[in-house]
Amino acid sequence: MTQSPFNLDHAIASWRQFVVANLPQVSPEQADELELHIRDAFDDFRQQGYSDPEAFQKARSSIGSYDRLESAYQDNFWRQSARRGTLQTEWAARARLTLEHLRLSLRSAKKRPLQTVVNMTGLTVGLTFCLLIGLFVWHQSTYDRFHDGGDRIFRVATDYRIDGEVIRTARSVGPLLPVLNESSSPPEASVRLSLGSVELKRDLIELQSDRILFADSGFFDVFSFPMLRGEPDLSDPLSIILTSSMASRLFGPEDPVGQTITVDDQLEVSIAGVLAPLPDRGHLQFDVLASTRALEMMESWIFTNWYSFYFYTYVKLPADADPAVASEMFTGIARDRADAELIRRDPDYAVTLEPLHDIYLESARISQFGVTGNRDMIRLFSVIGVLILLIAVANFVNLATALSVGRAREIGIRKVVGGDRRQLTRQFMAESLLIVGFSSLIALALASQVLPVMNQLTGIHLEASNFRSSVVILVLVSLTLLTALLSGWYPARLMSRIPAAPVLSGQLPGSLSKGQFRKVSVVLQFCICFMLIASTLVVQKQLDFIQQHDNGFRQEGLLSLDFSNDDRLGSNPLLFRERLADIPGVSGVSLSSAVPGDEPLGDWSMDFESREGDMIHVSFPHLLVDEQFLDTYEIPIVAGRDFRDDIGADDTRAVILNESAVRQLGFDQPEDVLGMNYRAYPDGGEVIGVAADFNFRSVREPVGGIAMRYMADRFAHATLRVEPQSIASIRPRLETIWNELNHEKAFNARLLDDVVMQQYEQERHFGRFFRWASSGAIFIALMGLFAQLTLALRSRSKEVGIRRVLGAERPGLTLLLSREVIFLTLLACMAGAPVVWWLLTEWLLSYDVHASVGIRDMILAAGLTVGVALATIVGLTARASSVSPADVLRMD
Amino acid sequence: MDNRTLNAAMIEAIVLSIIARSPSYGYEIIKRVGDMTDGAIEWAAGSLYPVLHRMEMNGHIESFWHQPEGERKRKYYRITDDGQKALEREKREWSTVERLVHELWRPSPAAD
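Protein sequence lines correspond, in order, to chains A and B. The first sequence begins at 6 in our numbering and counts up by one. The second sequence begins at 39 in our numbering and counts up by one.
Keep in mind the hints are simulated off the structure, nothing from the lab. Treat the hints with care, as some may be off.
To be verified - Cut-off 27 Å, straight-line C-alpha distance, at most; resulting in silico cross-link-like pairs (DSSO-like, lysine-lysine): (1) B:113 - B:69; (2) A:63 - B:111; (3) B:69 - B:123; (4) B:69 - B:129; (5) B:111 - B:69; (6) B:69 - A:63; (7) B:113 - B:123; (8) A:63 - B:113.
Unchecked claim - Simulated restraints on C-beta separations: (9) A:483 - B:74: 53 to 61 Å; (10) A:100 - B:78: 40 to 48 Å; (11) B:109 - A:32: 51 to 59 Å; (12) A:442 - B:109: 47 to 55 Å.
Predicted model only: the values in this text are computed from it and were never measured. All residues carry an ideal CB built from backbone N, CA and C; glycine is no exception.
Produce the entire structure from the sequences given, and follow the hints as far as they go.
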């Protein structure tokens with residue numbers, strides 16, 4: 006660049022413009038005075054032998070820093086304004102100043118549209134992710150907060166022993182609560198809950214529900230479920246309370262209170278009231294509320310039996326009670342008053358108080374009421390959300406810095422006339438605030454639109470209206486300000502260190518192109534991307550593993566039909582089975598109470614008599630099957646025999662155990678248990694056979710002991726073995742038979758494969774989540790890389806131009822520019838590998854059977870990460886190299 | 039000079055003293071002080087001018103624009119009657135301090 010000759014008047018005019026724009030406290034006359042001072046000083050320095058530019062710079066410096074000027078003139082301004090009553094001028098000046106900053110920001114943004122958009126996009130995507138994740142985490146972490154005195158409400162859970170193994174269940178026994186209430190310091194309020202299924206009929210409307218909640222009359226003293234209509238009265242065994250959705254389905258717009266409906270085709274009950282819609286953030290979800298007195302009429306033994314865990318018990322402690330003390334006291338009482346035999350066998354029997362607010366997310370007990378949240382998933386989501394935010398903010402700061410380079414000249418000039426660091430910081434922050442503020446608004450809108458997808462991902466139903474909560478707004482505003490602060494401060498700090506003269510001549514300061522911060526942030530971002538990609542690969546690997554894992558029975562080619570709660574089919578299941586077996590293409594049909602992947606089996610208490618006459622007391626999940634079950638599923642018998650329909654005693658009396666059950670009873674060989682007598686509901690019998698272990702539940706859990714018995718009145722599922730290719734042709738026939746024999750349940754034939762896989766919804770969600778998170782992180786990191794390379798290219802554009810002129814080929818240039826980036830990316834992968842390896846292995850170990858993390862997974866993930874980085878480089882350098890070298894050199 | 043507090047305390051007294059001898063303008067005042075202290079005290083314009091304005095608001099000095107022959111038009115300051123009185127007050131107070139300091143910092147005959 007040929008330097009134009011220095012013009013004092015121009016320089017002073019620029020300086021004056023700056024003062025007017027940035028120091029409203031200095032009046033025009035005062036500015037005149039300062040100008041004169043500069044001119045006098047300039048003359049003096051010229052006389053001393055300095056060149057014109059140098060003399061001007063020294064003269065300008067002799068005025069002092071803008072900060073001092075500003076505060077010194079500020080004081081006088083206040084005094085004058087106070088005297089003249091012109092305080093409004095001060096605020097008007099400030100407003101003018103702010104607007105000026107913003108105007109300059111807009112101008113510089115418009116000058117570089119592509120980069121501004123790139124900058125905003127990365128940040129917007131990051132903020133959107135954070136908003137969605139934040140909303141999800143908040144939703145999951147704040148269950149059950151709507152109950153009054155919720156911090157005093159606890160669930161009474163039980164810890165008991167079976168054969169040395171401690172079982173922690175969320176449930177409790179029926180007689181426990183009355184005993185607690187008789188103690189010296191009883192709870193303020195208490196209730197027992199039990200879930201059941203019921204059929205409701207009103208005129209022609211019939212509804213099936215699995216969620217009738219039987220509750221003691223203390224229900225409304227413990228919990229806060231407001232009523233829409235009627236009275237919160239649970240004292241009458243012959244009246245029920247409906248939820249509003251159930252009420253509208255049965256009664257439409259009519260008032261149900263006082264009316265009657267039929268329950269299970271037997272009983273007439275009246276409607277005592279209607280509940281307001283249940284909040285979705287509560288672990289207690291139900292359709293109908295009934296009194297435990299009704300339950301007592303049907304099954305009174307569960308209220309006095311210390312061995313059967315039929316209830317969920319909740320207590321509300323007085324305000325001054327210590328839960329730990331109460332817990333101990335309740336345990337003491339339980340041991341005191343429980344069945345003596347029970348305590349003799351299990352002296353460590355204990356009850357624990359679980360805080361209401363912890364139930365949904367924290368409780369690790371078995372037999373939970375309904376669905377619980379997944380604390381690990383929440384933690385994971387939170388961490389990833391924070392990481393993505395970090396990447397986005399780091400990128401934004403980097404990009405802001407890169408953009409500043411393009412304005413180095415402008416800043417250089419400003420430095421010559423004395424722009425201070427504070428002024429620069431303010432200018433940059435104003436720009437950042439504009440961009441970040443805009444990004445936040447777009448992120449908010451985007452998040453609302455993407456929410457349905459997110460709901461699909463997590464299986465939770467979130468509302469866009471949640472975004473309007475004050476917490477969300479507050480967090481968003483804080484984030485915006487924080488990001489603006491950071492991304493204004495860093496570039497200003499960097500830029501204000503540029504010495505003025507070299508910048509004017511077109512050179513760029515070395516510190517900018519070699520930034521440590523920049524390198525660290527690139528490594529960090531690609532490390533995160535690598536870890537997310539690796540996680541995606543391994544989660545998918547585990548999912549595939551689960552699907553292919555041998556479950557101990559032949560899974561393909563099995564169709565399952567659910568006829569639970571259906572009277573007609575349920576009353577004659579054998580007829581149903583006959584009709585199904587007649588269908589061509591069906592090679593076997595079996596009936597059972599449940600199928601693999603279905604709801605968990607109930608535990609039944611059993612007493613086995615050993616040959617020595619000792620009683621071995623256990624509790625096994627019960628699977629009630631017909632004589633075709635083991636054949637249809639192709640589960641081998643390892644000892645004894647299968648059920649036979651010609652042996653009458655097989656009906657309810659015979660039991661077939663699996664190998665794990667044998668081990669649990671303390672025997673090594675399956676043959677050892679054959680012929681053993683046992684006692685269990687409804688009567689007892691003997692062990693006739695042992696089957697090989699098979700995975701009835703998710704592979705997350707070890708195969709436990711299972712007892713199989715023949716009880717026709719409990720059959721609820723039919724499983725058909727068919728040739729996979731015949732499935733399509735069989736379905737219509739199945740449907741016809743179903744509609745013929747079925748009462749009102751919809752046709753629901755499903756492949757057993759699908760039923761089993763539905764247990765792994767969580768893993769599928771994980772997989773999907775990781776894919777999304779990886780894509781988001783990669784996208785943001787790409788934006789960041791784009792910035793780095795732009796920066797690098799600018800500073801080396803001359804180098805590139807000269808090389809082209811000297812005849813260098815494009816690949817050579819690509820290599821030159823990509824060396825640093827590839828090195829950093831590989832470094833990132835190596836840093837992330839041990840961390841993600843360990844994390845993934847920990848997760849896999851939570852499964853009883855699992856795939857393993859391998860070197861190949863790491864290499865694949867690293868390859869993908871580097872590949873993404875390379876693609877960016879190639880794209881950018883192609884663009885850069887296509888610029889004519891002559892243009893680049895002419896920039897000088 | 040490094041001691042800002044001392045500087046701030048002195049500045050008005052010095053300005054009044056210089057202006058009392060003859061009216062002057064900002065740049066000249068700064069130069070005069072620099073010359074008299076061999077560069078030990080170099081005031082920045084940003085330090086002086088606001089002080090001048092403050093003193094003008096307090097009525098100790100008054101300003102006027104003047105263009106000597108062959109030179110720029112500049113803003114000059116001259117001392118007022120109130121300014122004179124203020125100067126006398128400053129002189130008395132500074133003399134007290136000077137006596138004290140002179141006494142304390144005199145080398146003592148006895149060895150320490």
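Hints versus structure:
The hinted pair formed by residue 113 (chain B) and residue 69 (chain B) meets the criterion: a straight-line CA distance of about 16 Å does not exceed 27 Å. A C-alpha spacing of about 22 Å is found between residue 63 (chain A) and residue 111 (chain B), which places the hinted pair at or below 27 Å, so the restraint holds. For the suggested pair residue 69 (chain B) and residue 123 (chain B), the alpha carbons sit about 26 Å apart, so the restraint of at most 27 Å is met. Among the hinted pairs, residue 69 (chain B) with residue 129 (chain B) is consistent with the structure: their alpha-carbon atoms are about 22 Å apart, no more than 27 Å.
This hinted pair checks out: residue 111 (chain B) and residue 69 (chain B) have alpha carbons roughly 18 Å apart, not beyond 27 Å. For the suggested pair residue 69 (chain B) and residue 63 (chain A), the alpha carbons sit about 15 Å apart, so the restraint of at most 27 Å is met. Pair hint residue 113 (chain B) plus residue 123 (chain B) holds up; C-alpha atoms about 23 Å apart against a cutoff of 27 Å. Of the pairs offered as hints, the one joining residue 63 (chain A) and residue 113 (chain B) holds, with about 22 Å between alpha carbons and a cut-off of 27 Å not exceeded.
Taking 53 to 61 Å as the suggested C-beta distance range, the pair residue 483 (chain A) and residue 74 (chain B) conforms, at roughly 56 Å. Roughly 44 Å separates the CB atoms of residue 100 (chain A) and residue 78 (chain B), a value that falls within the hinted 40 to 48 Å. A C-beta distance of roughly 24 Å is found between residue 109 (chain B) and residue 32 (chain A), which places it outside the suggested range of 51 to 59 Å. In this structure the hint that residue 442 (chain A) and residue 109 (chain B) lie 47 to 55 Å apart at CB holds, the actual value being about 52 Å.
The structure fails hint 11 only (numbered hints given earlier).
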